[in-house]
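2 protein chains.
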Amino acid sequence: MANGSRCAACRQLRRRCTSDCIFLPYFPPNDPQRFSVVHKIFGANNAGKMLKQVEEYKRGDVAESLYYEAQCRVEDPVYGCVGIITLLQQEIYNFESQLAKIEAQIRLLKAQGVATPTL
Amino acid sequence: MANGSRCAACRQLRRRCTSDCIFLPYFPPNDPQRFSVVHKIFGANNAGKMLKQVEEYKRGDVAESLYYEAQCRVEDPVYGCVGIITLLQQEIYNFESQLAKIEAQIRLLKAQGVATPTL
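So the protein sequences, as listed, match chains A and B. Add 195 to a position in the first sequence, counting from 1, and you land on the number used in the working numbering. Add 195 to a position in the second sequence, counting from 1, and you land on the number used in the working numbering.
Just so you know, these hints were derived from the structure itself, not from any lab. Each hint can be trusted.
Note: identical chains are not told apart, hence a pair may lie in one copy or across any two.
Quick list of in silico lysine to aspartate or glutamate cross-link-like pairs, DMTMM-like style, CA-CA up to 25 Å: (1) Lys247 with Asp226; (2) Lys247 with Glu270; (3) Lys253 with Asp215; (4) Lys244 with Asp215; (5) Lys235 with Glu259; (6) Lys305 with Glu291; (7) Lys253 with Asp271; (8) Lys247 with Asp271; (9) Lys235 with Glu270; (10) Lys247 with Asp215; (11) Lys253 with Asp226; (12) Lys235 with Asp256; (13) Lys244 with Glu259.
Using the sequences and the hints, build the whole thing.
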């Protein structure tokens, strides 16, 4: 394969890119940063193993989720995307509290039989 | 350091564990699976780099979040903990819909001046 069409992984790793390269379909040469981030966090070998261990039709999603996770870790070196999970769980807790309050107000409203409650 | 007190990382990598080993405080020998999972997903070198690049007092959280992420990836090789983020976002969307419905019902209730609404 000509140099011009090597995938982003083979370019960065300075190696030949064969037509059966595991990275080729998911790390195109026009987006070198995508592979670079995955390489930095997971390493090329581990990322390659994770792609190979699932059926071919799922590999696009593996590459996408590895890229997302790796970006999170670069942005937040301490918590990575676990920080996002914590934030979302907090948001859900807030929603639950909000719902519980509204439901309590509705119960009160029903009990009082007030026509124009101040909710 | 005696073999018996090598950290889980140095045990698995079959190397000497020095008192300044980056893994020693976060991967104790009595929990080999903890390091094993992090090693499988991120690789020992990358995990070591990620620990070293933050201040010492934050390293416990780095080790914990790496372990959580790695476990997620082992359980869900396609989406890892990005799958959890998607689920939580869906849950938040459902809460938002639920709240919007309840608020619409309350507005209706106020407008109708109904004492005992069927909510």
